[in-house]
Amino acid sequence: MNRVLCMLLFLSPAVIFAGDVEVEGAWIRAVPPSSKATAAFMTLVNRSEKPVLVTGGTSPVAGEIKPMITTKQGDGVMGMGFVESFSVPAKGRRVLEPGGDHIMLMKLREVPGAGSVVPLVLTTESGGKTGHIRLEIPVR
Amino acid sequence: MARTRHSDARSRRIGLILFAACAVVAVPALIVLFSMAGNSSSPWFGQYDAETHPAFDFSLADQDGKPFRLQDLRGQAVLLSFGFTRCPNICPTTLGHLAAVYRKLPPSAQERTKVVFISVDERDSPASLKEYVPFFNDRFIGLTGTPADLGTTARAYGASFRKAPAVGSDMGDYMIDHSTYTYLIDPEGNLRVLYRFEQLPETGRIADDVLRVLGTRASGRQP
Numbered sequence: 001m002n003r004v005l006c007m008l009l010f011l012s013p014a015v016i017f018a019g020d021v022e023v024e025g026a027w028i029r030a031v032p033p034s035s036k037a038t039a040a041f042m043t044l045v046n047r048s049e050k051p052v053l054v055t056g057g058t059s060p061v062a063g064e065i066k067p068m069i070t071t072k073q074g075d076g077v078m079g080m081g082f083v084e085s086f087s088v089p090a091k092g093r094r095v096l097e098p099g100g101d102h103i104m105l106m107k108l109r110e111v112p113g114a115g116s117v118v119p120l121v122l123t124t125e126s127g128g129k130t131g132h133i134r135l136e137i138p139v140r
Numbered sequence: 001m002a003r004t005r006h007s008d009a010r011s012r013r014i015g016l017i018l019f020a021a022c023a024v025v026a027v028p029a030l031i032v033l034f035s036m037a038g039n040s041s042s043p044w045f046g047q048y049d050a051e052t053h054p055a056f057d058f059s060l061a062d063q064d065g066k067p068f069r070l071q072d073l074r075g076q077a078v079l080l081s082f083g084f085t086r087c088p089n090i091c092p093t094t095l096g097h098l099a100a101v102y103r104k105l106p107p108s109a110q111e112r113t114k115v116v117f118i119s120v121d122e123r124d125s126p127a128s129l130k131e132y133v134p135f136f137n138d139r140f141i142g143l144t145g146t147p148a149d150l151g152t153t154a155r156a157y158g159a160s161f162r163k164a165p166a167v168g169s170d171m172g173d174y175m176i177d178h179s180t181y182t183y184l185i186d187p188e189g190n191l192r193v194l195y196r197f198e199q200l201p202e203t204g205r206i207a208d209d210v211l212r213v214l215g216t217r218a219s220g221r222q223p
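Residue numbers (my numbering), protein chains in the order written: chain E, 1 to 140; chain W, 1 to 223.
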């Protein structure tokens, strides 16, 4: 029963409306099987009149999911740092892309292979309310 | 009829506005692009160094633990980048693009091209590189070495790296901020072309540069 519920929960279309935030073109990077982490990329589109924060997420494949930014320090040096949240401006969008900001999947329970699909629930906050965006993200 | 004329005039007007807008955006964009290339007549996609500078001949260990020197690759083009295997974003992006560059080369050029990834993380071993680098292409070479040798090598290429605390995560004690340039070394061992991270998605143009250092670029494309 639980499995059926879980499956229903994650059977969602490619473009997801979760109240005010729509997620476009989400994908997870296929990484070597020895990897301890991977990253999810997507465009977050906020249809609402209020900013929405993406604070993290949950997934069966990862023990910890956090928003992470990429910093450029001149001379081609890049680094990464965790942030509390990504803010998606009211009526605006935020692009998470390779070499830039991303959703970091850590403590991988299994390393998802290319061609698989990973269920992932993003946690959002807007106007003091917590929300969830349920995604089915292809790995490539 | 009047309505149609009106809408024709309007679409012409919109067309003009769009054309003007494109010109306003495109002209400065082209100027920026050419000035970034340094020389608008340069056939090279990356930043090309016309002077001959021998690339530093590092002496490190490959993913099988065997000694490996750059000199071992004389006669071949080398695409070199620095990183670390716990790197979940920049390094896989870089190696993914370099794998695409490699796939775009004809087999004869692949035989004469090596992609080399040097880990600047002392936690990496030949074994961890062996699990990581072949994932992108089983012909790619992963190298590591003593902290002193890695430091010397990185400095010689103008690359830099430093440990950065990974607060509140499972990324180990630290991550590494590192240079994200990719270097193209010619078959004579000279450092020829530098690519910024943002240029790497242009895999076809990088493949053209590789063919050019191999001397197999079609003559029609030469300056």
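Please keep in mind that the hints were generated in silico from the structure rather than gathered at the bench. This structure is a prediction, so every number in the text was calculated from the model and none was measured. You may find that some hints are simply not true.
Claimed, not checked - Partial list, computed: chain E residues near chain W (C-beta under 7 Å):
id	residue
1	Ser48
2	Gly74
3	Gly79
4	Val83
5	Pro98
6	His102
Stated by the list, open to error - Derived list of chain W stretches under chain E, where covered just means 3 residues or more per stretch with a C-beta under 8 Å from a C-beta of chain E:
id	segment
7	55-69
8	85-94
9	122-132
10	147-156
Beta carbons are placed, not taken as given, at the ideal position from N, Cα and C, and that holds for glycine.
Quick rundown of the hints versus the structure:
1. Ser48: violated (29 Å)
2. Gly74: violated (10 Å)
3. Gly79: Since the shortest Cβ distance to chain W is 3 Å, the answer is holds.
4. Val83: This interface hint is violated because 11 Å lies over the 7 Å limit.
5. Pro98: Because about 4 Å separates Pro98(E) from the closest Cβ in chain W, which is inside the 7 Å limit, the hint holds.
6. His102: holds (6 Å)
7. 55-69: violated (count 0)
8. 85-94: Check passed, 7 qualifying residues.
9. 122-132: holds (count 3)
10. 147-156: violated (count 0)
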